[in-house]
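J.: Since the structure of chain A is already known, use the hints to place chain B on it.
Note that the protein sequences, when read in sequence, are chains A and B.
The opening position of the first sequence corresponds to residue 1 in this note's numbering, with each subsequent residue numbered one higher.
The opening position of the second sequence corresponds to residue 1 in this note's numbering, with each subsequent residue numbered one higher.
Among these hints, one or two may not hold up.
Pairs of lysine-lysine, DSSO-like flavour, derived with a Cα cap of 27 angstroms [what the hints assert, rightly or not]:
| no. | chain 1 | residue 1 | chain 2 | residue 2 |
| --- | --- | --- | --- | --- |
| 1 | B | Lys326 | A | Lys21 |
| 2 | B | Lys35 | A | Lys200 |
| 3 | B | Lys211 | A | Lys35 |
| 4 | B | Lys305 | A | Lys35 |
| 5 | A | Lys235 | B | Lys26 |
| 6 | B | Lys309 | A | Lys35 |
| 7 | B | Lys326 | A | Lys26 |
| 8 | A | Lys4 | B | Lys133 |
| 9 | B | Lys48 | A | Lys48 |
| 10 | B | Lys326 | A | Lys35 |
| 11 | A | Lys181 | B | Lys26 |
| 12 | B | Lys35 | A | Lys48 |
| 13 | B | Lys181 | A | Lys133 |
| 14 | A | Lys133 | B | Lys326 |
| 15 | A | Lys35 | B | Lys181 |
| 16 | B | Lys326 | A | Lys4 |
| 17 | B | Lys21 | A | Lys326 |
| 18 | A | Lys21 | B | Lys309 |
| 19 | B | Lys35 | A | Lys235 |
| 20 | A | Lys326 | B | Lys26 |
| 21 | B | Lys309 | A | Lys235 |
| 22 | B | Lys48 | A | Lys118 |
| 23 | B | Lys235 | A | Lys21 |
| 24 | B | Lys21 | A | Lys309 |
| 25 | A | Lys192 | A | Lys118 |
| 26 | B | Lys211 | B | Lys118 |
| 27 | B | Lys122 | A | Lys48 |
| 28 | A | Lys211 | B | Lys35 |
| 29 | B | Lys4 | B | Lys118 |
| 30 | B | Lys35 | A | Lys326 |
| 31 | A | Lys122 | B | Lys48 |
| 32 | A | Lys35 | B | Lys235 |
Because the hints were derived from the structure by calculation, they are not lab data.
Predicted, not measured: the structure shown is a model, and the values here were computed from it.
Spelled out from the first residue to the last, the chains are:
Protein chains: 2
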Amino acid sequence: MSRKILLSHGGGGEETQSLVKELFFKHFDNEILLKMEDAASLVMESCKIAFTTDSFTVTPLFFNGGNIGKLAIAGTVNDLVMMGAKPKYLTCSFMIEEGFLYDSLEQIVISMRDEMTKSGVKIVAGDTKVVPKGGVDGLFINTSGIGEIVYDGISAHNLVEGNVILVSNEVGNHGACILAKREDIELESELKTDCASLWKPVEALLQAGIKVRALRDATRGGLSAVLNEWAETSKVCIEVDEIKIPVASEVKGVCELLGFEPYEFANEGTMVLCVEAGEEEKTLAILQTFEETQKVSIIGVVSQKYPGKVVLSTPWKSKRFLEPPKGELLPRIC
Amino acid sequence: MSRKILLSHGGGGEETQSLVKELFFKHFDNEILLKMEDAASLVMESCKIAFTTDSFTVTPLFFNGGNIGKLAIAGTVNDLVMMGAKPKYLTCSFMIEEGFLYDSLEQIVISMRDEMTKSGVKIVAGDTKVVPKGGVDGLFINTSGIGEIVYDGISAHNLVEGNVILVSNEVGNHGACILAKREDIELESELKTDCASLWKPVEALLQAGIKVRALRDATRGGLSAVLNEWAETSKVCIEVDEIKIPVASEVKGVCELLGFEPYEFANEGTMVLCVEAGEEEKTLAILQTFEETQKVSIIGVVSQKYPGKVVLSTPWKSKRFLEPPKGELLPRIC
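Isolated chain A, as found in the complex (with noise of 0.2 angstroms):
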């Protein structure tokens, strides 16, 4: 019979201390991890940092190209890296449903320590409980993080005049191809999400000077509620060439079949930069060097013509607002 999760293993007796040792222990591996003290204890290089948290709550818990656990870490390390911070510590909080499969836990454990490798962040400290049937469906992660600020002035405040948008990769792929599976979508190729950590290329902007106003990773709400909260906040107009947004063909496929658009689908290893006028062509560049951004794009500029929206110019030269989106497009996408 597998082995499955019980009750005792998130009561924090003697069986807690068991699936610490030989599971997260084993897998996140640490000096400062290994100390097992109410908190980790860390000495930071510099004071200025960044402070994050996210749940996954996403189902299926497997998917093409990753997992929760893939998804766990890349989330709250981009989270951290959208503020031009080097991501440094993670917290990590299991919520397991009783009688979850060990085996099933260990590969999405596997999944988070090879993740943490892109971008050399840590797990520092962490919890575990167990849920009778019923309370949790399956698995919840919780990630927290932080990171050391090496880059300064990042802000969803400060956009203006002239400067220019680019996105990091095709839109869509995480939605699209966690929708696909729940619904059963036979696809012809292999829609992936785009799952991934943003750090290494993020650092190779900094690193070459490059003069970023604001970074966001395009998650729940995808590129259209990072443009649109941009918009707001800054008071500017976005102008959004729409034949420059790249989207996989499989993505718009699953689009048409379901009637949503690819700009509202969660992304979570995609990221809308806006940059100074003149230093979109060396982002590009730099970028394109990158396997996890190659198929970046600059797709539009920051203008004044409708303060607060998201103007999307149509292949047929018509024009008309990307609106933020609202309801629940897809629940448990992340």
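T.: Okay, now just chain B, sitting in the frame of chain A:
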């Protein structure tokens, strides 16, 4: 009809923004949180920090003397305090079941706000997920925290022969309170959770120069888990006088009725202290001045009699080993 939390409140779009502004910002109000970036940007006074996380899955959500919100603040604050750290900043992540009552959520949020005033900690970043009905039982809350380490060298590895052991309050109140509520046991008097933030009393000890060797809040697994972990980690024997351990008569009653040991019951505002010999009376005097630690008691000493073991002297002068808790006493106690 009562207002309810909808899936769209967790979608990342307009409805999420309005929930965040109307509920979370309203009560957690501070200038860092209000910036609404991907991560909070913080300047620490010290680069030596403590970092911890805890997810709260307690059931019932409301109980005598508190609720899941109060618990989520005090629990993470205490994990920082137990490392000699001044609690500074928290992140907070809500995982809410679709249909959860808005008013109940607000009541929980208000408890969180009130509990934060006890230590001065601030919530600076958050996350909201809404899960379709059945995906989560009501509400889970994760809080992660960072604090500035103001007193170095507190550790479970630090116990040496001659050190003195104290417990700051009656033990078992939280566990017995939750259990009584779940089992619908009618108690003659009001048994309340001990849930409390312990920064103020610990700050007073540190300011008075008390040489604290180890400090641990006795949560899951209770007093028994802490003492056994210390004995094992420091390879010492801890000799405890059972008659000195404060236990409320209602807790004794619940334990007798249901066949539990109060030393294994979870606490949420009760800590175990190990101080150097000669410091115990001063420690006692200081802690007696705080409401949350006024029932403090000196309960034992560290020796080399049975290294790795906890020995209990009973009121009948016999001795027995206090074994570490096994299995799952009470699922979802915190």
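J.: Hint by hint, say whether it matches the structure.
T.: Verification of the supplied hints:
1. Taking the CA atoms of Lys326 (chain B) and Lys21 (chain A), the gap is near 16 angstroms; set against the 27 angstroms cutoff, the hint holds.
2. Proposed proximity of Lys35 (chain B) and Lys200 (chain A) is supported: the alpha carbons are some 26 angstroms apart, at most 27 angstroms.
3. Annotation: proposed proximity of Lys211 (chain B) to Lys35 (chain A) holds, straight-line Cα distance about 21 angstroms (limit 27 angstroms).
4. At roughly 26 angstroms between alpha-carbon atoms, Lys305 (chain B) and Lys35 (chain A) fall within 27 angstroms of each other, so this suggested pair holds.
5. Taking the CA atoms of Lys235 (chain A) and Lys26 (chain B), the gap is near 23 angstroms; set against the 27 angstroms cutoff, the hint holds.
6. Our distance criterion of 27 angstroms between C-alpha atoms is met by Lys309 (chain B) and Lys35 (chain A), whose separation comes to about 20 angstroms.
7. Note on Lys326 (chain B) and Lys26 (chain A): the hinted pairing holds, with a Cα-Cα distance of about 22 angstroms set against a maximum of 27 angstroms.
8. For the hint pairing Lys4 (chain A) with Lys133 (chain B), the CA-to-CA distance comes to about 25 angstroms; that is within 27 angstroms, so the pair holds.
9. As the CA atoms of Lys48 (chain B) and Lys48 (chain A) are separated by approximately 12 angstroms, the hinted pair is consistent with the 27 angstroms bound.
10. For a cut-off of 27 angstroms, the pair hint linking Lys326 (chain B) to Lys35 (chain A) stands: about 22 angstroms separates their Cα positions.
11. Restraint check for Lys181 (chain A) and Lys26 (chain B): the C-alpha separation of about 39 angstroms exceeds 27 angstroms, so the hint is violated.
12. Restraint check for Lys35 (chain B) and Lys48 (chain A): satisfied, since their Cα atoms lie roughly 16 angstroms apart, inside the 27 angstroms limit.
13. The suggested pairing of Lys181 (chain B) with Lys133 (chain A) holds, with an alpha-carbon distance near 21 angstroms, which does not exceed 27 angstroms.
14. The straight-line distance between the Cα atoms of Lys133 (chain A) and Lys326 (chain B) is roughly 20 angstroms, inside the 27 angstroms bound, and the hint therefore holds.
15. In summary, the hint linking Lys35 (chain A) to Lys181 (chain B) is not supported, as the alpha carbons are separated by about 36 angstroms, beyond the 27 angstroms threshold.
16. Proximity of Lys326 (chain B) to Lys4 (chain A) is assessed by CA-CA distance (about 17 angstroms); at most 27 angstroms being required, the pair is judged to hold.
17. Taking the CA atoms of Lys21 (chain B) and Lys326 (chain A), the gap is near 16 angstroms; set against the 27 angstroms cutoff, the hint holds.
18. Distance restraint check for Lys21 (chain A) and Lys309 (chain B): the Cα-Cα separation of roughly 21 angstroms lies within the 27 angstroms cut-off, and the hinted pair is therefore satisfied.
19. Simply put, Lys35 (chain B) and Lys235 (chain A) have alpha-carbon atoms about 15 angstroms apart, close enough for the 27 angstroms limit, and the pair holds.
20. Between Lys326 (chain A) and Lys26 (chain B), the direct Cα distance comes to roughly 22 angstroms. Compliance with the 27 angstroms bound is thereby established for this hinted pair.
21. Distance hint between Lys309 (chain B) and Lys235 (chain A) is unfulfilled; the C-alpha atoms sit about 66 angstroms from each other, more than 27 angstroms.
22. For the given pair, Lys48 (chain B) sits about 26 angstroms from Lys118 (chain A) by alpha-carbon distance, which is consistent with the 27 angstroms threshold.
23. A threshold of 27 angstroms between alpha carbons decides the hint, and for Lys235 (chain B) with Lys21 (chain A) the separation of about 19 angstroms falls inside it, so the pair holds.
24. With a C-alpha separation of about 21 angstroms, the suggested pairing of Lys21 (chain B) with Lys309 (chain A) holds against the 27 angstroms cut-off.
25. Only pairs whose Cα atoms come within 27 angstroms are accepted, and Lys192 (chain A) paired with Lys118 (chain A) is accepted, the gap being roughly 18 angstroms.
26. With a CA separation close to 24 angstroms, the supplied pair Lys211 (chain B) and Lys118 (chain B) stays within the 27 angstroms bound.
27. Taken as a hint, the Lys122 (chain B) and Lys48 (chain A) pair is honoured in the structure, with Cα atoms around 17 angstroms apart against an allowance of 27 angstroms.
28. Of the pairs offered as hints, the one joining Lys211 (chain A) and Lys35 (chain B) holds, with about 21 angstroms between alpha carbons and a cut-off of 27 angstroms not exceeded.
29. Distance check on the hinted pair: Lys4 (chain B) and Lys118 (chain B) sit about 30 angstroms apart at the alpha-carbon level, beyond 27 angstroms; violated.
30. Of the pairs offered as hints, the one joining Lys35 (chain B) and Lys326 (chain A) holds, with about 22 angstroms between alpha carbons and a cut-off of 27 angstroms not exceeded.
31. For the suggested pair Lys122 (chain A) and Lys48 (chain B), the alpha carbons sit about 17 angstroms apart, so the restraint of at most 27 angstroms is met.
32. Distance hint between Lys35 (chain A) and Lys235 (chain B) is fulfilled; the C-alpha atoms sit about 15 angstroms from each other, no more than 27 angstroms.
Hints 11, 15, 21 and 29, counting from the list given before, are not met by this structure.
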